[in-house]
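K.L.:
Quick one: dock chain against chain with the hints and give me the complex.
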Amino acid sequence: MKNPDLSNPSPANPLEKSGLKRRSFIKLLGGGIFIFFQPWNPADLLSLPADQRRSLTKEYNAFLQIAEDGTIKCFTGKIEMGQGIITSLAMMMAEELNVPYERISMVMGDTDLCPYDAGTWGSQSVQTFGPAMMAAAAEARAVLTDLASARLGVPVTEMDVKDGVVFDTKNPAKKISYGQLAKGKKIEKRVDVTPKLEDYTKFTIVGKPMMRKDSRLKVTGEAKYAGDLRLPGMVYARILRPQSHGAKLKSADVSGAEKIPGIQVVRDGDFIAVLSEDRDTVDQAVVRIKAEYTFDELPVNDTNLYDRMVGANSRVEVAESLGDMEAGAKASDKIFESEFHDPYLAHAAIETHTALANLEGDKMTVWASTQSPFGLQDSIVRELGFPVNKVRVITPFVGGGFGGKAPHQQGVEAARLAKLVKKPVMVVWSREEEFFYDTFRPAAVVRVRSGIDKARMIKLWDYRLFYGGSRGSDAIYDVPNVKRTFFEQNMDSAPIHPFGTGAWRAPSNNTNTWARETQIDIMASAAGIDPLEFRLKNLKDERMIACLKAAADKFGYVPAKSPGGRGIGVACGTDAGSWVALIAELRVDKSTGHVQVIRVACAQDMGLSVNPQGSLLQIEGCIIMSLGYALGEEVMFEGGNVRTRGFDSYLIPHFSWVPKIDAVILDRKDKPPKGGGEPAIITMGALVSNGIFDATGARLFRMPMTPERVLEALKMV
Amino acid sequence: MEQKISFTLNGKKTEIQVDPAATLLWVLRNKLGLTGTKFGCGTGFCGACTVLINKEAVRSCQLSVSDVAGKEIITIEGLGRNGKLHPVQQAFVDHEALQCGYCTPGMIMTATGLLLSNPSPTRQEIIDGLDGNLCRCGAHVRIVDAVETAAKSMKGGK
Ligand code: FES
Ligand code: FES
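Chains as they are written, first to last, in the numbering used here: chain Z, 1 to 717; chain U, 1 to 158.
Heads up, some of the hints might be wrong.
[Stated by the list, open to error] So these bits of chain Z aren't anywhere near chain U, every CB distance computed over 10 Å:
1) S215
2) G469
3) A576
[Claimed, not checked] Okay, the calculated beta carbon distance ranges per label pair:
4) P232(Z) <-> Q62(U): 57 to 63 Å
5) P707(Z) <-> K55(U): 35 to 41 Å
6) G556(Z) <-> G83(U): 32 to 38 Å
7) E72(U) <-> K671(Z): 52 to 58 Å
Derived by calculation from the structure, the hints in this document are not laboratory data.
What you are looking at is a predicted structure, and each value in this text was computed from that prediction instead of being measured.
C-beta atoms are modelled at their ideal positions from N, C-alpha and C, and glycine is treated no differently.
This is chain U alone, in the form it adopts within the complex (with noise of 0.2 Å):
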């Protein structure tokens, strides 16, 4: 049942071998070693698995690797540039706007596909934009101010 299944993924043109059903989210994960994904729910309610694709986040545990075929996927490890945060990691870094860390990479792509699509949201999108994004730890207050300082800091150009 494999098959051979292309997409850009970080950057990369990546080819592998397999079943196309399986869930993005455990390809990633697991054939493709990128862990930062993470696993919260596995039914699309908690977003902690946020990829982007072609540029909008998505949950990789809704998708089966043949939806990504011939897209460009980027993962929370693709979204630094040369040993630099991307401007988003950074606002969260300067924010402290994570506690066990675990819903981050989660947040973290979804904010960023919400400045992607609107580099300039008012603090009211922001949360709108996240609403469906997890946090048990209660790092929400500073999430959205990070993302208000990287919405600044992108747009001063990066």
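Isolated chain Z, as found in the complex (with noise of 0.2 Å):
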């Protein structure tokens, strides 16, 4: 068998873990010039689950080096899972360090390398990590320029540097690169600087299209995911499993696995496995135990969680109140209710959540398909016993996140099972597994009251939102009156969802945003104007009304009333900071109810771009990943018993239903960058209804608008 190389090849470095430890990184990494900063905000930290804050490293939690050979490195926690920061955060720092792209390289993910970092979620790396990096980047410089001015006998005011090489402005020939001062150099610096808001437009690097800096490796298949990677005496395990959450162990058989040859069964509580180098084997054993369950299940599916959501006993937040909801009311000649119903939805990254643990001597090494190395490393120190500097998370490429594997159970139970079996421990779940455990996007009813004028201005806004998060709730159009009313999970109260819930890609704003812009359509179509137009007249953000310009545009759009018989859709909405339009049309057959989405036209404002090029392609994956939730994803369950487990019955988009995709990005270099790798995902619930209530008057509130329901809608019409 072959042992490709690992990554980071050395899991039993006799160092101490050195996530807090300045002196232990330096010690590590060998001479060059450090500089420490800080991009986390702290306070960020209370927004996090419990199990995913930890008291963190107050002094800082990023750093780069300037290595003695002039090379640079960033090292991150954070990690690279298809978004594309490898590249778009390795750009910013050859732009403010003056240096070719090229020599830039990123370290990732990996906690004895990297400061702690909370995990890469939420459109934040670009938003918030890239211009503390960029601060920590130019203190860099200044640094260099102090030793080059030293060396030189130039004064720094005279200095310049290009490609890596300072040199004297007057006398060009006069010039020393990074390399040649940080040969010998042990030079630690720490940034405190609040990062100031740039000039975007003199940027070179930053702000223009570049390929990824990974491409060449996914092609040939030579990326390294945790599954691809191979040790000496490495096992695959499959653990035994509930068909439902809640359900409880009674008895367990496992002398038919036992009978297979070369099957080591391992049993730890509850928590049964099956062992064997060949992962057929494990496959064929597990389903040879015999196990009984006790089940308490909570008295919910698919279809009546709704009306349960609606009727719990709830904790009430009301979250914004502005004017009066009575006057608004009154101020309104028609009042429109409505009530939206979305389901839960699976993250379904290609690849499954994965770990290979090792244990050697007393450090336990994990590489992982995570979005929380840093996490993981802690669920380690607790479930397992481990001390902090006895686990060591590296993480490889990762094949797909979406929120849905900042979880990482699996890592917590390949490093159990390398701890009781002293080998190298492979955990891949299988599809099935992954659907079961994932942590869903979760379900949520929307229920909005609202009013216009006479003079097709909205007056009222009542907004209640039950189980979903608030993310993406504000009403956005300009409205005096505005209530917005949360409904959650009341802690006496029996548990709303019967599993795990989590972030799914620009989290809860999918829901927001289709039952917002899906009113406003039904508001506009009953007053009797465009529906774009209506949008303009009650808005009055410019950066919103900017993008709904773009998108028309774009589009080539054409005003008229709805329904007008022609498919058309458009929405907008805001989402980490980027205001996101979109304008689509499609195609409804009545005879089946298929939709087909023929063609989006998107224009974002999210401030700089810093890469052009991966804007563009978060876009379109955007957009294509919300064809999902619109037209087919929906997770199916009777009590804690997951029924959809696997890509036939949990349908995501394929290629033929893929519309021809044109996307602008508004030019705002003079304004800091936001997050681009969510927001265009917002739209899509509402482009489908309303473009469906377009081409045929009939209106869909249950999501995914499959076949089955838009039959159903069109007899009601």
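P.N.:
Laid out in structure tokens, this is it:
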């Protein structure tokens, strides 16, 4: 058997865990110039789930190294999972240090080499981390220029940098490279300055389209994901799973599995696993375990959950109260009430949760497909009793996350088994396990009551959200009377969700934008005016307006009242500090109920786009992914038993679903960068429901808008 | 139960001692160290495990190793020649037809199979040919663009 190189082949590094000690990083990394910085706002920690929080180093949590050979590295606990930050962060650093982009490398997601980071999600990497990293790079450049000034005897003010070489502007032959300057040095600096707003217009690398760094590795099959790593003596594991969340193991007979040659059965309380060198063998063995369970199911399924949510004894929070509901109702000429039902969604990355764990001496090393390497390190410490300096988590390439790989149970399972059997253990979740243990995007109910006056201005917006998250629930339109009320899990009541839920790309915003933009469309139609015009009329936010106009322009939009038989839907919204507007054209097959989105135009304002090429890719990805929740995706379940456990029953977008996409990123080089990885995903629900209405006059209030539901709605027209 | 099975793998005659019922995907990934071929579902629904067998794109999770005895297998690792990318790989790079990259080997193998049987596909034929391959990151538009480009460059003689 071949043992391909591991990307970081030093799990047994004798150095102490260096996550908190600056000295040890330096020991580990050799000499050069180090700049430490703090991109993370400690206040943000509070927004994390408790198990992902930890007392974090207050001092810094990322750093740059200009090594003695002139290579430049940035060490961060963030990870690359397809979103392209490995490229955009390197671009930002190259820009500030004035070195060729190729000379920068990102060292990411290794708990021994990188300082603590809470995790990679929520479009924060470029928005928050980027500017702080640039400030650190500016500091590094200042240190280097100082050194050069001393070495060359030229005042700092008369020096400049090009391609990593500091030179005398009066006599460019007088020059010295970063590498020469860093040679033999051990300089440490800490950047305290809050990153300033940069003049983004003068940039030469940032803001230019740049091809991603990892393409070649990924098209040749060389890129290593966790499941591609091999260690001598490695075994595969499969773990016995209950059929249902909430089931308790009563008895298990493992004799059938034990009879299979090459199988080792491990039992630790209710945790039962089969191990073998061979993946096929563990797959066969795990189904031979005869297990009995007791069940204690919640009386909830994919049909009754919405009534259960609305009827539950919930904790009620008024998140916003502007003006007065009664006054709003009085001022309204027409009032509209709608209720929207949105199901649970799975993350369904193509790579399942995977981890390889190896115990060497007393040190546990885990290579895991995870969005939170430090969270996994913490979990292993907590659940398996290792000291934190004896656990190293390394993150190879991650095959998609979307929020689903913030939880990292598979890494703990692999470590637990490696500890028990003293062999390297590989855990690769099956597709069923992936669906079963996913932390679903929560299902939700939205009730909206809104009103317009005779001048077609919105006067009332009473928004009630049951069990969804608040992101994207702002009214965004200029309404004098707004109330937003959230109904949430009451700690004294039975749990609403029968299984784990969590963040899903642009958490909750897909639900909220769908409900809001559909309601807006309902009002526009009742007002008898074009839905785009109605939006523009009721908006004050200039950047939203600009996006709508740009999208209309891209689309070649011709105003018309809806329903107009054309199948055109308009929707807009905000996410992660960015603005998006989209217009779509779709076709409804009235005999089958099938909906085909034909083309989509999108305009996004995300401030400065660091890598427009990467941003366009993310926008397209978002639009395509959003077709899934609008048209096909829904987790079916009965109590804690997840019934959709494969790609045959859980429908994610296929090639044949994909429309023609025209996206434009508004030129905002003068504005700070915002999250661009998620905004364009939020509008598809409304685009499709508004488009179906425009085409047929049928209105859907339940996602996804499957052929059966479309046919059902058509009957009501 | 193990027996000798031989086939041509990425141009090389290969003989292994193996359980004939073993899944081709895991034999490639574990016994032969070719981890470019990915596991995505194991049930034939995602296409991440696609390889070429006698020039036809096939899902290796749905085959036993005995099914390929005497046949010619090409995996993503065997597509390039002398360090040069295959035109389909090159087109994926040029079009940035990937994000996380996990579906990419399966996409490239499926596309290559398609172009071998139909060197001048229409856009619709490309979409139909790839429709059984899943990409969660949403790289679809660029993948289709890349396959169109690859078709052109392959016809220009590689
Ligand atoms: S792994 Fe073979 S089709 Fe999914
Ligand atoms: S690029 Fe991530 S699944 Fe296709």
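K.L.:
When you look at the beta carbon of G469(Z), is every beta carbon of chain U farther off than 10 Å?
P.N.:
Given a closest Cβ separation of 21 Å, the condition holds.
K.L.:
So does P232(Z) sit 57 to 63 Å from Q62(U), Cβ to Cβ?
P.N.:
Given range 57 to 63 Å: violated, Cβ gap about 30 Å.
K.L.:
Given the range 52 to 58 Å, decide if the beta-carbon distance of E72(U) to K671(Z) lies inside it.
P.N.:
holds (56 Å)
K.L.:
Go ahead and decide if the range 32 to 38 Å is satisfied by the Cβ distance of G556(Z) to G83(U).
P.N.:
violated (46 Å)
K.L.:
Go ahead and decide if the range 35 to 41 Å is satisfied by the Cβ distance of P707(Z) to K55(U).
P.N.:
holds (37 Å)
K.L.:
Could you check that no beta carbon of chain U comes within 10 Å of the beta carbon of A576(Z)?
P.N.:
holds (17 Å)
K.L.:
When you look at the beta carbon of S215(Z), is every beta carbon of chain U farther off than 10 Å?
P.N.:
violated (4 Å)
When each numbered hint is compared with the structure, violations occur for hints 1, 4 and 6.
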